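Student: The chain contents come next:
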Amino acid sequence: MKAGKKETKPKTVSYGKYGYLFIAPFFIVYLVFSLWPLINTFYYSMFEYTTRNLRTTITFTGLQNYLNVLGIADGEQGYFLKYLGNTLRLWLLNFVPQILLSLLAAAWLTNNRAKLKARGFYKVVLYMPNIITAASISLLFCALLSKYGPIMSTLRSLGWISQNADIMMSKWGTGISISMIQVWMWYGNTMLLLIAGIIGISPDIYEAAELDGATGRQQFFSITLPLLKPVMLYVLVTSAIGGLQLFDIPALFNVGQGTGYVGGPNDTSTTVTMYIMRLHNTDTGRAAAVSVLLFICTLIISLIFFRVMQTSDAYGGGGKKKKGGKRHGK
Amino acid sequence: MKKRKVLAMLLAFAMTFSLAACGSSGGNDDQANSDADTESGSDEDAIPDNEITGDPSAKDAFVVWAWNTDFTTLQDLLVEKYPDLKDRLVFVNCGGSSYYQDKIDALLDDPSNELYPDMMLLEVGYVQKYVQSDYLMSLKDLGITDADTADQFSYNIELGSDKDGVQKASFWQATPGCIQIRADLAEKYLGTTDQAELEKTFSSWDSILEAARKVNDASGGKVKLFSGYDDLKYIFLNGARTVGWYDDNDVIQMDPAMEEYMEYSKTLYDEDLTFNTTMWGTDWAALKDGDGEKSEACIAFAGCPWYTYWSLTDTWDKNTILVDAPVQFYWGGTGLAATAKCADTDVAAEIIKSCTCDKDFMTSIYKANGDFVNNQKAISDIVANNLKGASTFSLYGDQNIPEFFSTRGQNVDVSLVTAEDMTINETLFPAAVTAYATGESDKDTAIKDFKAAVHDTYSYLKVE
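If you're matching them up, the sequences are chains A and B in order. Just so we're aligned: 302 in the working numbering is position 302 of the first sequence, and the numbers increase by one with no gaps anywhere. Just so we're on the same page, the working numbering is the position in the second sequence counted from 1, plus 1000.
Just so you know, the hints here were simulated from the structure itself, not pulled from any lab data. This structure is a prediction, so every number in the text was calculated from the model and none was measured. Where is the CB? At the ideal position from N, CA and C, for every residue including glycine. One or more hints might be untrue.
To be verified - Keeping only pairs whose Cα atoms sit at most 30 Å apart, straight-line, the calculated DSSO-like set for lysine-lysine is:
(1) B:Lys1377 x A:Lys171
(2) B:Lys1359 x B:Lys1377
(3) A:Lys82 x B:Lys1266
(4) B:Lys1353 x A:Lys82
(5) B:Lys1266 x A:Lys171
(6) B:Lys1443 x A:Lys82
Said to hold, decoys possible - Simulated restraints on C-beta separations:
(7) B:Ile1047 x A:Leu92: 25 to 31 Å
(8) B:Asp1102 x A:Phe27: 54 to 60 Å
(9) B:Gly1143 x A:Ile296: 55 to 61 Å
(10) A:Tyr43 x B:Thr1069: 39 to 45 Å
(11) B:Thr1392 x A:Lys117: 58 to 64 Å
Claimed, not checked - Heads up, incomplete: computed chain A residues facing chain B, CB under 10 Å, no partners named:
(12) Leu54
(13) Arg55
(14) Ile58
(15) Lys171
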């Protein structure tokens, strides 16, 4: 903002103000569509909304909504903690296989020795599942995995199982199914990020290693992996933030089961955002309180990761002073 | 340097905030691996667009809201009767019953919106919520008298009236329940296709259980009596209840009949007597057409008029026997109601009168789509003259759909229905039943969880 005033000095022409102009749209959009709703959510969470037969009464309750959803208040169940547990379980089940799979695919597709043909084609194919809408994917998998669906029937006719198993009736069956759909949908995306990270690593290092007689495996574990740390952390942060807000696949997977926003079986695959959706109509205040708690969790996780990222950068980038900017990649 | 750091921090925060606040405003989460941007994406995927026919911006538009296309048959008949409605009627199909209340509730406070409903369709599961509110106009205010509605089934009048007995919603369908039996499989596994014999088998829960065991043993598990214990939920929920979900002090209460349903489900589950499907699921639908040898099949489905002529597959054509469930229940049904700020009460009155009071018009509805109409005179007319609906679907032997249901409508009892029934009956309670039946929770825990869930959804209902 000061840039504008400095312009009165005739000799130096400052283009600084244009920079502010260019970044202004983001901040304006952010203030109106993100920050304002966020502050409002805090405000709403202080009120109790009771809608009965379409008549709504709003009363100020302070922090009561928080006490309620955390199960601290008398006679209330801590649904938030329960659903947060569900969400984290689904996220872990999804993230670990996803990062391994992506890493493997990224390593293969960037390996210069393998001289894989048609890499672009493979990248497109692996990314493909991400293009399909979540709704279609959920319904598709619901049908595939159902008790008398094609997968069970095939397994049974092959004689591998004696009884059709109902995956949707088991907590881990449902959890793993949902997580595997997530993996299948998102590993292509993660792979692209990792490929970008691997390409950013200087080829000199590999060349030197090769001259020293390092095997492909050694190169991967001693060069690629350590230098990929910043990108991995970025993937981890974004995935954790997204994972906490996991909504579409579990919700639609369960809608296919006819249970709405109660994730079967026995409420074990209900995520926090499904809970928010369930509440928003009947009790805006409590939905807001859950949103705020989710926000706080996200914030904490992000801050921890950012902190870790900063320290790891100092080592990952090599030099301590000038190469700090290296993580922006090339 | 400092400034840049501050800016970097700000951007970092902005990114977290915008992700956390689930608004994908900046471009920064585009490349994020995360599922973060799916939040906004899924809304588009999950909630279908309204399908609007007609021009809502016209000055004299008369807007009717529904969650499926059932009304279009009525609309065609109405336009035939009142040609000037042709250009005025605007029909909004919200795309599914799960989204209906959300979408319409947002509009009710906004009469200036061009899509503000002048008339809405209401399903039994939530009709009471609207009837007890101030958003509907009473039939009296529309000029429809008790004499006009005299031929309606009395349970439907009760469903459409508020606690002071003022009728606001008027139904065109009546929906007494039944059990539908597949004749070829009944012959094979129950040893009879005689309606009176089968009626006896399905007259009590004990004899049903016995039959279920018999079928399961005889077929080696390839054929079961029912598809799932979920299939029995409407019989219990809409027929067997002895108390409502909460008492006069808004304390949630557990009906002994509902506990009985939980026990019954557990027995069916433990002895593997059903395929444990949920209604409207893929497996559930597929089981209708199984042959019982190569593929699994089941003999009986809970049903009601619209179900029988509309949802049974070709396998069941000339192959369906209707019998009574152990208790008389009802399932579904759609009412019409004019909103308080309805733009043209004369048109609303014409539509409601024709569709829900006029014997001849309602007979023509039956002829057009086979609906079991909510008019006892029309029904006795249809039965006496053996009138045919549009559907070619027919029952086994000489049984006849309107005739079977004509005597069942009077026995339906809806005095225990509450405004919260749809969510409780279709989401919260089935979850408790499943938790108990499959052994995930013991009964006390399942009931405790259920009550907590009801309280969580409707905070004004209390757990004692």
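Student: Against this structure, judge whether each hint is valid.
Tutor: Evaluation of the provided hints:
For a cut-off of 30 Å, the pair hint linking Lys1377 of chain B to Lys171 of chain A is broken: about 53 Å separates their Cα positions. Between Lys1359 of chain B and Lys1377 of chain B, the direct Cα distance comes to roughly 7 Å. Compliance with the 30 Å bound is thereby established for this hinted pair. Proposed proximity of Lys82 of chain A and Lys1266 of chain B is supported: the alpha carbons are some 26 Å apart, at most 30 Å. Pair hint Lys1353 of chain B plus Lys82 of chain A does not hold up; C-alpha atoms about 51 Å apart against a cutoff of 30 Å.
At most 30 Å may separate the alpha-carbon atoms for a hinted pair to count; Lys1266 of chain B and Lys171 of chain A meet this at roughly 18 Å. Restraint check: the Cα-Cα separation between Lys1443 of chain B and Lys82 of chain A comes to about 20 Å, which is no more than 30 Å; the hinted pair holds. Restraint check, Ile1047 of chain B to Leu92 of chain A: a C-beta distance of roughly 29 Å satisfies the suggested window 25 to 31 Å. At about 33 Å, the beta-carbon gap between Asp1102 of chain B and Phe27 of chain A misses the expected band of 54 to 60 Å.
Distance hint check: the CB atoms of Gly1143 of chain B and Ile296 of chain A are about 57 Å apart, consistent with the given range 55 to 61 Å. Between Tyr43 of chain A and Thr1069 of chain B the Cβ separation comes to about 42 Å, which falls inside the hinted range of 39 to 45 Å. For Thr1392 of chain B and Lys117 of chain A, the hinted distance range of 58 to 64 Å is satisfied, since their beta carbons lie about 59 Å from each other. At its closest, the beta carbon of Leu54 of chain A sits 4 Å from a beta carbon of chain B; the interface hint therefore holds under the 10 Å criterion.
At about 7 Å, the closest approach between the beta carbon of Arg55 of chain A and any beta carbon in chain B falls short of 10 Å, and the interface hint on this residue holds. Hint status for Ile58 of chain A: violated, given a least beta-carbon distance of 13 Å to chain B, over 10 Å. With a least beta-carbon distance of about 8 Å to chain B, the hint placing Lys171 of chain A at the interface is held under the 10 Å criterion.
In the structure shown, a violation is registered for the earlier hints numbered 1, 4, 8 and 14, in ascending order.
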